[in-house]
Amino acid sequence: MSGLAGLERRRAVSAVVIMALAALLAWLITPTHRLAALHGAMDLEAFVPKQFGDWQQDVSTFSGIVNPQQEAQLKALYSQTLSRTYFNSRGQRVMLSIAYGEDQRDAMQLHYPEVCYPAQGFQLKSKRIDTIAVNAGQIPVRRLETTFGGQRYEPVTYWTVIGDKATLGGLDKKLIEIGFGMKGVIVDGLLFRVSSIDRDTEAAFKLQDVFVNDLVSAMTPAHRLRLAGLPR
Amino acid sequence: MTAVESPAPQPAVSDRALLTPWLIMAGGLLLLYLPTIYSLFNGLWSTDDQGHGPIVLAIASWLIYKRWPELQSRELAQPCPVWGWSFLVISGLAYALGRSQGIWIFEVGSAIGVLVGIVLLLRGARHVRMIGFALFFLFFMIPLPGAVVDAMTQPMKMAVSYVAEAVLYAAGYPISRTGVILQIGPYQLLVADACAGMHTLFTLEALGLLYLNMVKYASLARNITLAILIVPISFAANVIRVIVLTLVTFYLGDEAGQGFLHGFAGMVLFMSALMLIIGADTLIRIVVARVEKRRAA
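Going line by line, the protein sequences match chains V and Y.
Note that numbering that gives the first Met the number 0 gives residue 37 to position 38 of the first sequence, counting from 1, and the numbers run on in steps of one.
Note that numbering that gives the first Met the number 0 gives residue 264 to position 265 of the second sequence, counting from 1, and the numbers run on in steps of one.
A couple of the hints might just be wrong.
To be verified - Label-pair ranges, simulated between beta-carbon atoms: (1) L174(V) / V290(Y): 47 to 57 angstroms; (2) Q79(V) / M157(Y): 27 to 37 angstroms; (3) N87(V) / S175(Y): 28 to 38 angstroms; (4) H32(V) / A16(Y): 42 to 52 angstroms; (5) M274(Y) / T31(V): 45 to 55 angstroms; (6) M270(Y) / Q79(V): 40 to 50 angstroms.
Hints are computed from structural coordinates only; laboratory data are not their basis.
Just so you know, even glycine gets a beta-carbon here, dropped at the ideal spot from N, CA and C.
If we strip away everything but chain V, and leave its shape as in the complex, we get (with noise of 0.2 angstroms):
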């Protein structure tokens, strides 16, 4: 009996040590790096300009959120968040709204548009994946039909960049994170909506391509790689 009990001693002490082996790794790789802090802060109102080729800030509309809660809601989850309305010379309106966290962790992740919109009334009519090319490289985006009511016909087309890659979401994002987590980098996120109410989706795709090559190509490259995940 003791000869059993002996060994089941024995085997409880590898086990700590295996798990004690197992917390020491964990704390050995936690990041501690925010990506913000190594690139330099993120300063949305700065790194988007007000006025870019054709397109200048519509500063009558106000485009804020006035609902109290849910502008709490966005504070807790995001670090940073910019809202503006564009428009051209043909009086064309372009809507722009960027979401940026520091930490992409669990707890802090980005809120995607498909599931945000329809919760907030809009109707998902379709949603698929594309790739917008600008001067500077190519962008994986998704492109999202929502109608409101019945009245409002508002075409989404949207990219998320984790860290400095553009990514479509899901494992791949997940993937990203943790390459970053290794190199012990706490990686930031970033959403980037373009959207417009048109009823003629097609053309308001194509209005919303051509702001997007317009508004990346005016910015620095060092703000594109972060916006947009093109390289340098």
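Position chain Y relative to chain V; hints supplied.
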């Protein structure tokens, strides 16, 4: 000192020898999971969606404690060291990855693997099966990524707000709905915040399975019927919760709806779900009894 008590110290020594390995293992478990529990309490567990976490943990611990005499007994013990070590090492790696990269599925889920490993090392597969339900129950403690939960519960949220609106509208309340946002009188309510997940379905499914485990029916058909019924039951319970919350807000104001009474509505959810489960169960029992009586006649 009576004659009956005097021989007591003798088995106490071997009791301790029996217990020591378990205590050492428990130390390892605490080393790994105390920090996890600490971060959970400071983060996810203090939110609405994951509020059930501590309850699940407590119930699982209690389930294991209840089986403790059998679990500790060496009768029929057949330790499987190879499997035990494999479980421990793989779970340890999952823990390290999860804890360091903030992946809850791995960090919390590894606890189940570590427990299995420990029991395999000290007792064997038969004993793992003894606490099988407790281990399965622990799955409900794993916080799923927000995106997954949203995708799974979004239709349910929509349906719940739709039904709640229809019921209140029929009752003559000034209510309207856009998506999952309810507007009653001057107040606006988000059915489980527009973008946050609603985990109650999982919690209620856990509750239902616990009930099934406690009453231990021999009839498989009855168990399956009840397990399936839990889904509509949790739906109904959610509708009741939303209606209660909406009425509280309507009569007592926004503060009440968001404050103390919000937690109260959670209790209402649990109580109504439990009552609906017991009610459905009783109904099944009556039907079964009647069918059998008819067959006998």
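Do the hints match the structure? See the list:
1. L174(V) / V290(Y): 47 to 57 angstroms: holds (55 angstroms)
2. Q79(V) / M157(Y): 27 to 37 angstroms: holds (30 angstroms)
3. N87(V) / S175(Y): 28 to 38 angstroms: holds (37 angstroms)
4. H32(V) / A16(Y): 42 to 52 angstroms: holds (49 angstroms)
5. M274(Y) / T31(V): 45 to 55 angstroms: holds (50 angstroms)
6. M270(Y) / Q79(V): 40 to 50 angstroms: holds (43 angstroms)
In this structure, none of the earlier numbered hints is contradicted; all agree with it.
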